[in-house]
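Number of protein chains: 4
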Amino acid sequence: MEIAFIGLGNMGAPMALNLLKAGHALAVHDLNGQAVERLVTEGARPCQSPAEAVGNADLVLTMLPAPQHVDKVLTGDQGVLGAIRRGVPIVDCSTIDPASVRRLAELALAQGNDLADAPVSGGTAGAAAGTLTFMVGAPAGLFARIEPILQGMGRRIVHCGDVGNGQVAKICNNLVLGISMIAVSEAMALGVKEGIDAKVLADIINASSGRCWSSEVYNPYPGIVETAPASHGYQGGFGVDLMLKDLGLATEAARQGKQPLPMGALAQQLYQVWSQRGAGHLDFSSIIQLLSNPNVDKPRSITPLNTTHTP
Amino acid sequence: MEIAFIGLGNMGAPMALNLLKAGHALAVHDLNGQAVERLVTEGARPCQSPAEAVGNADLVLTMLPAPQHVDKVLTGDQGVLGAIRRGVPIVDCSTIDPASVRRLAELALAQGNDLADAPVSGGTAGAAAGTLTFMVGAPAGLFARIEPILQGMGRRIVHCGDVGNGQVAKICNNLVLGISMIAVSEAMALGVKEGIDAKVLADIINASSGRCWSSEVYNPYPGIVETAPASHGYQGGFGVDLMLKDLGLATEAARQGKQPLPMGALAQQLYQVWSQRGAGHLDFSSIIQLLSNPNVDKPRSITPLNTTHTP
Amino acid sequence: MEIAFIGLGNMGAPMALNLLKAGHALAVHDLNGQAVERLVTEGARPCQSPAEAVGNADLVLTMLPAPQHVDKVLTGDQGVLGAIRRGVPIVDCSTIDPASVRRLAELALAQGNDLADAPVSGGTAGAAAGTLTFMVGAPAGLFARIEPILQGMGRRIVHCGDVGNGQVAKICNNLVLGISMIAVSEAMALGVKEGIDAKVLADIINASSGRCWSSEVYNPYPGIVETAPASHGYQGGFGVDLMLKDLGLATEAARQGKQPLPMGALAQQLYQVWSQRGAGHLDFSSIIQLLSNPNVDKPRSITPLNTTHTP
Amino acid sequence: MEIAFIGLGNMGAPMALNLLKAGHALAVHDLNGQAVERLVTEGARPCQSPAEAVGNADLVLTMLPAPQHVDKVLTGDQGVLGAIRRGVPIVDCSTIDPASVRRLAELALAQGNDLADAPVSGGTAGAAAGTLTFMVGAPAGLFARIEPILQGMGRRIVHCGDVGNGQVAKICNNLVLGISMIAVSEAMALGVKEGIDAKVLADIINASSGRCWSSEVYNPYPGIVETAPASHGYQGGFGVDLMLKDLGLATEAARQGKQPLPMGALAQQLYQVWSQRGAGHLDFSSIIQLLSNPNVDKPRSITPLNTTHTP
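As you go down the protein sequences, you meet chains A, B, C and D in turn. As numbered in our numbering, the first sequence has no gaps in its residue numbers, which increase by one up to the final residue, 314. As numbered in our numbering, the second sequence has no gaps in its residue numbers, which increase by one up to the final residue, 314. As numbered in our numbering, the third sequence has no gaps in its residue numbers, which increase by one up to the final residue, 314. As numbered in our numbering, the fourth sequence has no gaps in its residue numbers, which increase by one up to the final residue, 314.
None of these hints come from the bench; they were simulated from the model. Don't take every hint at face value.
Note: identical chains are not told apart, hence a pair may lie in one copy or across any two.
What the hints assert, rightly or not - Think about it this way: if two alpha-carbon atoms lie no more than 30 angstroms apart in a straight line, the pair counts; the simulated BS3-like pairs of lysine-lysine are:
#1 K202 to K24
#2 K75 to K24
#3 K248 to K75
#4 K196 to K261
#5 K75 to K196
#6 K261 to K202
#7 K75 to K261
#8 K196 to K24
#9 K248 to K261
#10 K75 to K202
#11 K24 to K261
The model shown is predicted, which means the values in this text are computed figures rather than measured ones.
Chain A extracted, bound-state conformation (with noise of 0.2 angstroms):
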């Protein structure tokens, strides 16, 4: 069985890895080069287009940026479908609106391709340690076909229902924590200023209802987390530029539905205003800094950052 797989940046490169190593034969196509050349050497084909990757593939894989890349791969000149053979199902892993994917996928259809969408969590570690999490929309029947393949690359392999669904859990996800975690740090701000310890008003928060991921493991104020991103700096982690994306996924698709959104909207404003300031590169929990006197209140503990746009 071959795997065509497109798509070779910082998340589909470890992907691909893993499929490698669990002892799939894979035809490979990105735009970059280097990309190809890496994978190529731990034994994927290369393929100069979309078109080439998925000549013979019993699966198509695709990892992108943005609903108008995916659109390109499949839909473009030299694209997905115009050279898949039927019957072969196509999964995009990449992080879209639901609308589109819904849309690609009834063209896929209608030449007798089955579509689903399967974006992740974990970001580029879980890529690498394939422990990602993966949340699919597809019918029962492709959901059964493509999961064993899936597991080569993640852990938790999650059936959302229909096409589109894994893109509504995976917005709808992200604007719950986007949102909890400026919750949580205009706690600590506001706590930590009122005088309470920062770690005694963590643990009581994490005892009570106010409980959430965004406190407990990933905790915005340096210190009370050893492994969370606000104890090294902001760095690393999952950037502000990325929780903005996400977040203008939800209520682009809340706009669409005509349904309300008015903390995501704010929330997506707040980072907006934060990577504007030059935090776009820094884990999204650095929002803390922005509800705090950047002369006065910085934590004592933090490192320094080594960037000049950093206010």
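Once you've looked at the hints, dock chains B, C and D against the given chain A.
Chains B, C and D in isolation, oriented as in the chain A frame:
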């Protein structure tokens, strides 16, 4: 040892009752004569004023609705501070602003009385069952002295630091809670609108980085958590108007401390919109209804509300 | 000189009629046959497709609801770009996003046709009376060429700079409008609640630094401005859903441009909440009702709304 | 006729001076001895306490920073109410919350003294020039009595209704002002980012439905209005921290009145973020800088700020 208990409302009355059950002698006072009567039939000694209640007391407990009431009971005519014996500690269990508590603590200290703040969480059910959480602001010595008494009314007695910090802890926790409840509401409403099953979505969030108390234990979407108010017509629980009060304390503390609280402020306003439309007495998780189409999106399982106020 | 006019909706039809009255020959097209019929009885030539309409035209005008319609009419099968003569200018009067307009202008230019954007303000009343304002994005030469034609449909023809800038101007103006209407609504609702007479308050604001079009000309409180929709049950005027569309264009342009828009985003969400509660067809100044107690604060002079949707 | 004037700060001192120039006898008091000295050299009589100042007075004027100061000056030890003669009216020109004013008016009335609130707009420049606007809350009889005195310090004396309504009017006006300034800032920043000329955009808004004082008279974009603080490095004008105070009064009045104020609350938070980053002393129109890229978008014409606080 005799305890003076002042304020026998929905929370104070069951708390006082638990102290009686624990074997303490109680001198009680409330403006509501019937509330006093009920405690008297259980063995408490009725008093006409705070001053009368505290004359013989070895400890004074107060449980009152708002700062002005605490102020009046302590410093007013026939108030606590005019009659309490030197050295007797005062424990105020009301939820008020940290600044007021600290100001009163200074007044008390100036005449030789320690004052601790010990706001609670757990609601009327927790008060009746004796399972409240007390968040205590007090010097270490005072905390050690009052902890055994509070254990007669609660399950967790948390030391939050010096006086005022109990309030800070409670306000900060409820700030996160009030925001994350709207976050989960937005995510559930958007997800269902976008076609994902509510139960599936909640399960995914609860296993991912959006996980929080508001999603796991108290999900605002009907039918997800059987014990949550959402599954029972948003009756009972923690009222919109109570959440509104606590968010008001948070934004007011932030204003005085010159601390930004953008998400907290917006959350407060959304609960205020919802309260104004007649939902003040419903559980605060009913905020999901403000974000849902009242004609189309009303969850089928919801118990009809017997009120003409709620849209 | 013949003008091709494509899009004969609520705005387009009266605009086309005014061009006929001004003596121009018109070739018209719309998917709605009745709309075409009405123009034909006034002397226009009916066409089955955009391509047919533009074949002989010396100028092409389009007035369509959304980007996807403009895209299809210009680039689709039997579209404008496939049939237009080289050198003939295209003027798109639709309100869409600047990026789409600029992309289409590039396509047109590549085949030798200039494209200007010229969104309007003034509503259906202004369209009928020929008193619209046109905000035109076009090179100076093209502007000079089309200005006399537009004067047949409007009173003010404003040159906003190069192509796309007409949309930018309209979006930015309506952004301020949408926000300031809620600002005035909050101030009027709060002031009246605090005991000041609505008319006195409006007069003070209008003579002070809060002065704005939303307060002076279009006050949302009933009975302040006789000609404003607020004094006529919020019927007519500029609908909540139209304001929602324009604020959506603003926040989307801001998202793409990585520009924060916190107040604009919140305004959009508040109109969305209000629309979802059934008010989408009411004038946008009805947003004051979202901020008022529906049972107590309903202004006495208001005309009862004959809709079961509105709270 | 002798006037007691209490509170000789940046506003009070020039106001008192104008009363002296108008020929009134003045008894003055302030905690700052130097402030008293300056007035004495102009002919005022120095007093050691509010009580001393009002003993002989036929009218009492107060101009103080915040509710607690007004409260202390009126009801404190050696305060106004303990020494004023029965029937002498009190006019408080401070900007405070309506509830406090009304409570004090009741106290005063109970002992036979009318109290009016008369907050001002026009800033220190207006105070010096005698061109302030007074927004007066008072019964009609009292208004008639004090109007001639106030005309010695201001140009417009507006009767807003009964006591407290002067504060309501000022708060509501500044609420609209604070919001619309951010609205114009967002529109100017977005428009310029999207490629339109700032001057062209301002002209279009000023001739359209976005027209407002913040755009026409006080545009936050540098170089649009020559006399506006934006054209002079945001020096002078009305400080961010003063706007913050007034929006705090508005949201607090709204909270007490159970009135939603979502845009006002968000505006307050944005000014708070900006103040916390060191901009509290800049004119409030500098909020546009919070919405602009500090490295890229800094308008070229702007005067460099000689402060290390501003990001």
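To see whether the hints hold, each was checked on the structure:
1. K202 to K24: neither (43 angstroms within a copy, 35 angstroms between copies)
2. K75 to K24: within (29 angstroms within a copy, 47 angstroms between copies)
3. K248 to K75: This pair counts as both: shortest intra-copy Cα distance 20 angstroms, inter-copy 28 angstroms.
4. K196 to K261: Between. Shortest inter-copy distance 9 angstroms satisfies the 30 angstroms Cα cut-off; intra-copy 39 angstroms does not.
5. K75 to K196: Between. Shortest inter-copy distance 28 angstroms satisfies the 30 angstroms Cα cut-off; intra-copy 51 angstroms does not.
6. K261 to K202: Between copies only: 22 angstroms across chains, 41 angstroms inside a chain, cut-off 30 angstroms.
7. K75 to K261: both (28 angstroms within a copy, 24 angstroms between copies)
8. K196 to K24: neither (51 angstroms within a copy, 40 angstroms between copies)
9. K248 to K261: both (20 angstroms within a copy, 11 angstroms between copies)
10. K75 to K202: Neither, since 49 angstroms and 35 angstroms both go past 30 angstroms.
11. K24 to K261: For K24 and K261, the Cα distance exceeds 30 angstroms both inside one copy (45 angstroms) and across copies (40 angstroms).
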